[in-house]
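Residue numbers (my numbering), protein chains in the order written: chain A, 102 to 247; chain B, 45 to 365.
Derived from the structure by calculation, the hints contain no laboratory data.
Even glycine gets a Cβ: it sits at the ideal position worked out from N, Cα and C.
Where hints are given, some of them may not hold.
Unchecked claim - Non-contacting residues of chain B with respect to chain A, defined by C-beta distances greater than 10 Å in every case (computed):
#  : residue
1  : A53
2  : L67
3  : L68
4  : T125
5  : R142
6  : D226
7  : E236
8  : S277
9  : S317
10 : D327
Stated by the list, open to error - Stretch by stretch, here's where chain B covers chain A in the computed footprint (C-beta under 8 Å, at least three residues):
#  : segment
11 : 175-186
12 : 204-212
13 : 225-236
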Amino acid sequence: MSTSVTARKLHPQHKLLLIDLFASLFCVLFGAVYECFSHGVYSYGMLYAFVFPLVLGVLPLLLIAVLRVPYPNRFVRSMLHAGIATLTVGSLVSGALEIYGTTNPLTLVYWILGGLLVALGAAGYIVTAFAERRNKSDSPKEAHTY
Amino acid sequence: MKIPRYGFAVLFGLALLLFTGYLLADTFLIKRVYSVAAEPASQTAAAQTAAESDEIVIVASEEEAAAEPVDSSPAAEPVTTDTTYSDENISVQLSTYRLYETTVYVADVQLSSADYLKTAFAENSYGRNITAKTSATASAVNAILAVNGDYYGAQRSGYVIRNGVLYRNTSGGGEDLVIYADGSFGIIDEDEITAEELLASGAWNVLSFGPALVEDGGISVSENDEVGRAMASNPRTAIGVIDDLHYVFVVADGRTSDSDGLSLYELAAFLQSIGCQTAYNLDGGGSSSMVFLGTLINNPANGRKSSERSVSDIVYIGYGA
């Protein structure tokens with residue numbers, strides 16, 4: 102009985118995966134509804150915003166689970182998801198502007214900042230993964246994977 | 045100091061939200077007046093006092109400023125009905141057509157001088173997010189007939205020359221309609237000529253939306269051409285020239301159960317059929333609006349409401365404010 106609450110708690114990896122999946126589905130829904138009211142004017146930014154949380158969030162987490170490689174640390178997760186959020190919002194905003202028929206150079210900030218954050222997250226992951234692997238080979242008894 | 049578990053996410057989300065809010069406000073709400081437009085005495089007498097601007101403002105040459113001004117009001121009382129206007133300088137005849145399940149409003153205009161074909165900015169100011177309904181701007185300049193212009197304010201590029209004044213010389217690479225001082229129309233590609241060269245060549249008004257619909261009497265769009273990524277049937281606004289000082293202003297309703305709207309090709313074919321030698325597509329969709337003697341003629345489809353959208357500029361017939 103006392104362990105039931107703990108047992109029901111989602112693993113952080115699964116939780117993150119669900120959040121990314123939900124974000125992706127939300128973007129699909131948001132884009133579809135927006136397109137319904139855009140009088141047939143369409144935008145790739147609006148239609149494909151769901152790709153960012155799916156490809157940069159869900160897919161890597163699935164790969165990590167399948168390949169049983171180290172789970173990213175907090176810094177990596179923060180950078181990566183800040184990047185995903187920035188790119189996704191940027192895509193939706195660019196789409197909305199395109200459908201309205203206008204532009205704003207400030208939208209570049211989303212792409213640059215989002216790209217940098219994702220790159221930082223990826224670099225952080227590679228560095229920590231290598232470091233962890235090296236530690237594992239140094240002390241095999243402490244090896245663990247998620 | 046220990047950072048809360050979701051501290052970064054909350055702060056970053058807030059920053060993202062604030063930035064997005066600012067971007068949307070910058071795009072749609074924050075007004076920036078770059079210059080106030082001064083009404084020149086005539087198309088061949090440019091006098092412009094546009095100042096306080098970080099945008100370019102160049103006026104037409106002094107040589108052009110030497111010509112005589114034309115009448116600033118009709119000498120005799122004009123004859124008007126619900127669909128016609130006539131005085132010694134301006135004649136306007138409104139007609140309604142029904143084609144492709146669409147209601148199309150056509151104003152046939154004949155002038156004694158090109159000076160009566162004019163453009164105006166919303167709030168008489170050139171800038172960003174300076175907008176007003178076509179009927180409001182038309183009323184401010186005492187327009188006899190007015191349609192929405194190219195909504196230059198929605199774009200950051202594309203030439204803006206109005207009443208002999210160059211306001212924006214950034215090329216957007218599109219096709220522009222050039223209305224020369226003598227009232228003739230021309231179509232240019234922004235990649236092939238600079239705005240300064242256009243002004244020097246006698247361009248009085250340049251509208252940058254497009255595309256050109258009719259050139260030299262022939263249709264210049266294909267059945268698949270569209271504005272950006274729009275569907276085929278839409279509300280439309282177009283302007284065309286039939287002969288010297290003989291113009292048509294055309295607005296098609298769309299996006300309603302009564303009126304589907306036209307494709308660019310359908311619009312071009314219609315303009316050709318009524319005799320246009322040159323015709324050009326202006327801003328359409330919710331912006332499409334035609335005002336005649338202070339009355340809104342068409343049924344604009346602005347979102348889900350049947351009301352006028354505020355736009356940056358108008359093209360009009362009249363004696364000026």
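request  = Kindly indicate which numbered hints from before are broken by the structure, ordering the numbers from low to high.
outcome  = Violated hints: 1, 2, 3, 8, 10 and 13; rest satisfied.
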